[in-house]
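Engineer: Listed below are the residues making up each chain.
Protein chains: 2
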Amino acid sequence: MASTRVVIIGGGFGGLTAARSLRQADITLIDRTNHHVFQPLLYQVATTALSPGDIAWPLRTLFRSQRNVRVIMDDVISIERAARIVRLQNSSPIAFDRLIVAPGSRHAYFGHDEWESSAPGLKTMTDAVQLREKMLFAFEDAERRRTLTGVQSQLTFVIVGGGPTGVELAGALAELGRKTMGPDFPSLRLESLSIILVEAGPRILPGFDAELSATAAAALTRMGVIIKLRSPVSAVHADGVRAGQEWIPSTNIIWAAGNRASPLLNTLSAPQDSFGRIKVRPDLTIPEDPWIFVIGDAAHCLGQDEMPLPGIAPVAIQQGRYVADLIVQNVAPDQRPRFVYADRGMLATIGRAQAVAQFGSIHVSGLVAWLLWCIVHIFFLISFRSRFRVMSEWTWYYLTFKPGARLILEQPATTHNSPSTDHTPL
Amino acid sequence: MASTRVVIIGGGFGGLTAARSLRQADITLIDRTNHHVFQPLLYQVATTALSPGDIAWPLRTLFRSQRNVRVIMDDVISIERAARIVRLQNSSPIAFDRLIVAPGSRHAYFGHDEWESSAPGLKTMTDAVQLREKMLFAFEDAERRRTLTGVQSQLTFVIVGGGPTGVELAGALAELGRKTMGPDFPSLRLESLSIILVEAGPRILPGFDAELSATAAAALTRMGVIIKLRSPVSAVHADGVRAGQEWIPSTNIIWAAGNRASPLLNTLSAPQDSFGRIKVRPDLTIPEDPWIFVIGDAAHCLGQDEMPLPGIAPVAIQQGRYVADLIVQNVAPDQRPRFVYADRGMLATIGRAQAVAQFGSIHVSGLVAWLLWCIVHIFFLISFRSRFRVMSEWTWYYLTFKPGARLILEQPATTHNSPSTDHTPL
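Heads up: the sequence lines are chains A and B, in that order. Just so you know, we're using our numbering here: the first sequence kicks off at 2 and counts up by one. Just so you know, we're using our numbering here: the second sequence kicks off at 2 and counts up by one.
Bound-form chain A, shown alone:
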């Protein structure tokens, strides 16, 4: 054919890698935002260490020199397999010869979508900025109410989910609270500050070896984080959460407990698992459609142990490259090797000079793991500018405990609507 029309839905790790690997085809990359986010560092934006611009890049700029890629900022509302088009919210439909579906996931609330407003999660830059504003505002509000009751639950941060995101958030919040907010809010008693990490299972970081889980838990505890294991969440309200048998009063609940794949996948009419992910074939296609691929968080793809691969950046990147290769070489469906994930190991950071790392049977923790974590994350950032900026910001934060992005741009609407506190004369 003259020029293969490839449509890629989603500019995350999978979609971005696929587009970069496809130098020949006529590519349309659709994303609902105008940027690619380096998700592994999103929690650092939420906890003020980095600015949004440090870890996000306009998709158009990334493809400025790759003239075969057209970028569209829009929402995809449906995929129509029979017509071979994708329908968009605000633009004309786009026809495709090959389709790469990489829309990612949102948080899953175990069927309790009403929990989301009280317990937002952390998937997009907007999530991160909103979380940051809410957290900073909780301190401001506690400060101005200091003579009143009710400060305790405002300074209690509950993180639901003991995976890497939950652990990294808890560690970063503990550091921020004690080292940065402490000196900034001298009239708050920081004994009131509680950071509670709630996990349904028997240990945090269940993907890691048990010994590293224990190391991470000990490090978090030393930093003042309270870890509650075997505490599945059964209720979330604006003023607290029920975890296990306990009611924890808190107005700052953060959700890091699970994913649900994009609802767009429902329009594919292909088998899905209980998280909404498409059960892809070994070549990442959907059944009976060898040129529609699903990758990244959206794909239920079995690894060599017959367990679904985790929703992490390396899996999405490798899948993006694999799929691009099949398209470039136009490999016939019956001649495709199955996708095999090359596991390069896992890293999770806990705090300053504290991390855990696992590479097959090699386990590392403490300063060495932390330096490794820093180097790996700097290395995978796109562009010299971001590497330079993130490295200089980390150095500055490390030396001064004054992270660079602690601005509240919007006062929460609730403040203006809430009844004023008593105007008792001083």
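The hints are all genuine.
The calculated SDA-like cross-link candidates involving lysine to any residue, where the alpha carbons are at most 20 Å apart (straight line), are:
no.: 1; chain 1: A; residue 1: Lys180; chain 2: B; residue 2: Arg65
no.: 2; chain 1: B; residue 1: Lys280; chain 2: B; residue 2: Thr268
no.: 3; chain 1: B; residue 1: Lys403; chain 2: A; residue 2: Phe389
no.: 4; chain 1: B; residue 1: Lys135; chain 2: A; residue 2: Ile73
no.: 5; chain 1: A; residue 1: Lys135; chain 2: A; residue 2: Ser193
no.: 6; chain 1: A; residue 1: Lys403; chain 2: B; residue 2: Ser384
no.: 7; chain 1: A; residue 1: Lys135; chain 2: B; residue 2: Thr127
no.: 8; chain 1: B; residue 1: Lys124; chain 2: B; residue 2: Phe111
no.: 9; chain 1: B; residue 1: Lys135; chain 2: A; residue 2: Thr34
A few chain A positions that, by computed beta-carbon distances, are all more than 12 Å from chain B:
no.: 10; residue: Phe111
no.: 11; residue: Glu192
no.: 12; residue: Ala219
no.: 13; residue: Ala220
no.: 14; residue: Ala236
no.: 15; residue: Arg243
no.: 16; residue: Pro264
no.: 17; residue: Leu269
no.: 18; residue: Gly277
no.: 19; residue: Pro291
no.: 20; residue: Met308
no.: 21; residue: Ala314
no.: 22; residue: Asp326
no.: 23; residue: Val332
no.: 24; residue: Met347
no.: 25; residue: Leu368
In short, the hints are calculated from the structure, not lab data. All of these numbers come straight from a predicted model, not from anything done at the bench. All residues carry an ideal CB built from backbone N, CA and C; glycine is no exception.
Please arrange chain B on chain A, whose structure you already have, making use of the hints.
Structural biologist: For chain B alone, kept in the frame of chain A given last:
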């Protein structure tokens, strides 16, 4: 008295300087945001060259080592002179012995407040971020509608007001549009991009010498900016603006045409000018109240030429210092020297290697003025970190034409509500 209770309303240049100069008194600094903004560079956030965190600092951190300052983030709703208290939206009232009123100003729409929604201005960090998102989104939306009509008014940017803010915005937008957005949006014809600077008077930069005004106008024209002089705005709508006799279709109107002092000043019961500013006495106090000072944009203060001083940072800074001195030395009302503004000159930047500067009878333009502008602005930034960041961002932008902060965090709500465009098959 044991400890003088000084209350400062507003953490802008005036309020911040006053608080920093008062090392002894018991100070309460109230601001509706949690940060001080370096306003002269706000237009660079709006035009994506800098990130919010580069030019704003949490007030609490600025006063971390100055233990006599308490910071409250809240809205002041009234000043009660008889009771010697200020009332706040969400906290208890605060009593004062000395009061420094420095709440700044918002935009003035010549009695047409309904214009604000179509023609937002640029005073706060929230303004800057919203302007940036709206501007970036205009390009995205034009791109996805490229086969439809109506792109022209989306790519027409009208800036109302030919003062320094308007000139700097016009220059920065012209550079961003042609050098950055051009390569990013290859399918938009950039001939459609219009940047129009509208000024009611006979020349731009009226505060500068006529010769420098002409230099600036010529530089802007070379950069593609259309300047319309003697064109007072008589109507503003969401889809355009009437300037002079002409109707200019545009969905991107930015207001830089005038100020109105904070409505809080109305609660002072003191004489005000037509912009709402308090007509202060020579010692910056209000009549019959020698310990209530009004400074910065909120003050109508006569200079040595009997004209009101302009609402610029150096005036506010010098006033803050002057007032702090009176308070520290507890100078009796009849023994105070009048406030005298020491004019150190004026600078306005137009674009890369283009600026105008005026120091008394010395006039400079071009590269020298621009370097001077860069040095002065870097110098006045607070903290080493900001200087380092702004300098490195400018260098990067200068070399690559890829400014660092081009993220759209929120799709404008209208997009989701607007009817979809025709779904004509390709």
